[in-house]
Amino acid sequence: MSIITVAKDQAGDLLRRRYLLVILIGCLALIGMWIGYLALMKSLFGMAQKAPGYSGPSQSTAQGKEMMELMIGGLQVMLHGLVGAIATLLALGLMCFSVRSEISRGTIRMILSRPVRRYEFFLGKWLGCVFIVFVYALLMGILVSTYTYFAFGKLQALVPISLAMLFLKAVTVGSVGMALSMLMRPILALLIAYLAAAETFLFIANFVHGIVKGIMHFFFYLLPSYKAFDMYGSIMSGVSLSGVEIGYRVAYAVLLSAVMLLIGAAVFQRKDLI
Amino acid sequence: MNAIEIENLTKSYKGSWRTPGTLAVDKLSFCIQQGEIFGFLGPNGAGKTTTLYVLLGFLRPTSGGGTVLGLPFGDPAALRRIGLLPEYVNLHEYYSADGMLNYYARLSGLHPAESRARASYVLERLGIAHARRQRISKFSRGMIQRLGLAQAVLGNPDLLILDEPTSSLDPVGRKDVKDLLLELKAQGKTIVISSHILSDIESLCDRVAIIRSGHLVTTGRLDELLSTGEGVRITSERLPKEAVGEIEQLGGVVTGSETVFEIVLPSREKEYDVIGILRTYNCPLVSVAECKSSLEDFFFDIVKGEQPQ
Chain L
1 MSIITVAKDQ
11 AGDLLRRRYL
21 LVILIGCLAL
31 IGMWIGYLAL
41 MKSLFGMAQK
51 APGYSGPSQS
61 TAQGKEMMEL
71 MIGGLQVMLH
81 GLVGAIATLL
91 ALGLMCFSVR
101 SEISRGTIRM
111 ILSRPVRRYE
121 FFLGKWLGCV
131 FIVFVYALLM
141 GILVSTYTYF
151 AFGKLQALVP
161 ISLAMLFLKA
171 VTVGSVGMAL
181 SMLMRPILAL
191 LIAYLAAAET
201 FLFIANFVHG
211 IVKGIMHFFF
221 YLLPSYKAFD
231 MYGSIMSGVS
241 LSGVEIGYRV
251 AYAVLLSAVM
261 LLIGAAVFQR
271 KDLI
Chain Z
1 MNAIEIENLT
11 KSYKGSWRTP
21 GTLAVDKLSF
31 CIQQGEIFGF
41 LGPNGAGKTT
51 TLYVLLGFLR
61 PTSGGGTVLG
71 LPFGDPAALR
81 RIGLLPEYVN
91 LHEYYSADGM
101 LNYYARLSGL
111 HPAESRARAS
121 YVLERLGIAH
131 ARRQRISKFS
141 RGMIQRLGLA
151 QAVLGNPDLL
161 ILDEPTSSLD
171 PVGRKDVKDL
181 LLELKAQGKT
191 IVISSHILSD
201 IESLCDRVAI
211 IRSGHLVTTG
221 RLDELLSTGE
231 GVRITSERLP
241 KEAVGEIEQL
251 GGVVTGSETV
261 FEIVLPSREK
271 EYDVIGILRT
281 YNCPLVSVAE
291 CKSSLEDFFF
301 DIVKGEQPQ
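Chains as they are written, first to last, in the working numbering: chain L, 1 to 274; chain Z, 1 to 309.
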C-alpha cells in the first residue's frame, strides 16, 4: 500500500513540475519538423525527376519506390533513435535523482518516520518514475504512429513494438542508474549507467589491441547489453519480432531491473539518512 | 514502563580521505518514562539529533542499542505510534496543507475518513485551518513550523519527538504549541523535546538529559537538578534595620529595596526563626521558596564543564 502511495506522490510531483509536458512539447515540435522535412524531400525528389536531363529512377518505378522507402525508413530509424534516447535519459534523470533528492531536501525524514519500510519507499519511487516513462512512451507511440501513417499511408504494427522495446530499455537503464545512485552522486550514476553498457566496450574494442582489447571484451561480457531493445534493423527491413523474441527481451528487462532494484534497495536499507 | 530505553549507544560517522571520522554519540544510556515530557539538551554538535535519528532508524548505531515503545529502533510497528517534528521542517512544497496531511495520513495507514477528521482537527488546533488549501510554497516560516507539528500529531501518536518545536514561532505561536503539548501530556502521551529555548524546556519538562560531545553529562528531574541544596529564599515587603541585623546574625543574606526584600538562608534550619523575626517586626511575608538556579544558569555551568557529574 505504501509503495502505491509513494509512487502516486512521485508521479504527481513530476507531473506538477511539468517535466513531461516540456519534453512532449519538444518531441511534438520535432515530429512536426520531421514531417515537414519528409514532405520537402518528397517534393524535391519530384522536382528532380522533372528537371531536364534527369536519368534516375522515377517515383512510379519499383526502383524509385524502393529508394523512397529507404529514405523514409532511414528517417524513421532516426526518429525512433531520438525518441528512445530521450526516453532513456528521462528514465535515468528521474530514477537517479528520485531518492537522492528526497534525502538531500530532508523530506525523506518525515516520510520514513511513518510506518514505511525503506524498500517500500525505494520501490514506490521507482514505480512513480516508471509510470512517467510509460506515459511518455504511450504519447510518443501515438505521435510516431501518426507520423508513420502520414509517411506510409497505413499504420505499422512495428511501431508499438519498437516503442515498447524502447520503454523496456529506458526502464532497465533507469533501474541500473537508480541502484548506482545509492552508491555515488546521482549525476555520476546517470553517466555510468548510460555509458557503461556492453556495446560501448565492444565499440572501443574495435580501436584497441592486446590486453586493453581483452579488458574491453571482459567488460562487454560483464556489463548489461541493451542492443536487443533497438529495433532499427526491423524498422528498415519491415520484419517484426516473433512472440518468443519479444518474450526474451521482456524477461531480460524484468530480470535485470529486478536485480538492480534488489541491489539498490539493499544499499538504501543500510544507508545513514543524515 | 519506559517509552524509550537507550543502552550504551555509540554512533560514529566514517570519515573520507579529506575529513576525519566523527564520534557523534559515545556510550549513551538513559531512559524516558511513558507519559512525561522529556527535555533533551546540549550545545550544538553534542549529538542530540544523531541520537534522535538513531531512535527513529534513520541512522544505524555503531554499537549499543535500546528500544522505543518496547520495540527495536526504527521498527515500523513503533513508528506507527510515533510523531516526528525534525529541526528543519522540509515539506513537499507543491502540496497544499490538506494534500500534504492526506499524503502523510495515507503513509501512516489512516482510514480516509479518519484522516480527514484528524487533519481538520490538527489544522484548527494549530491555527492554520484558514490556509488548508494554500500551497505550502506560499507559507511563512512560522506556518511551516505549525504544519510540521500538525503532521507530527496527525496520527494521534503515543510518542512525540520534537526537535526545536518552537524555534520559528512568535510568542503567540509558542504559547499555542506549549498549550498543545501540555494537553497531549494530560492525555498520557510521551513527549521528547530537543530545544535551545531553555525557558520552554523549564516550563514544560518533567525530566531532562544534558549531553555534551556525545556523552551524557546529567539526567534527572528538573526540580531536583535545579535545586541548589538546602537553601531557602524568603521574600518580605518591609524590613526594618533591626530585623536585618537579627537575620544576618542567623546567617541570612538580605538584599532588596525599600519595598521588597529577599532573604536567602543557606539551610532550612533557621527558616522558622527568620519567619518569627518578621512576625515580631510585623513585616508582611510574601513568599517562602526553595533556592533554585535557573535552567539557563545550570545549562551554562554544565556545558562549560563546571559541574560535571
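Any given hint could turn out to be false.
Sample of chain L residues at the chain Z side, in silico, Cβ under 10 Å [claimed, not checked]:
1) K8
2) G12
3) K42
4) E66
5) G106
6) R185
7) L188
8) L191
Derived by calculation from the structure, the hints in this document are not laboratory data. The C-beta atom is built at its ideal place from N, Cα and C for all residues, glycine as well.
(request) Give me the numbers of the hints this structure contradicts, sorted from smallest to largest. (result) Hints 3, 4, 6, 7, 8 contradicted; others consistent.
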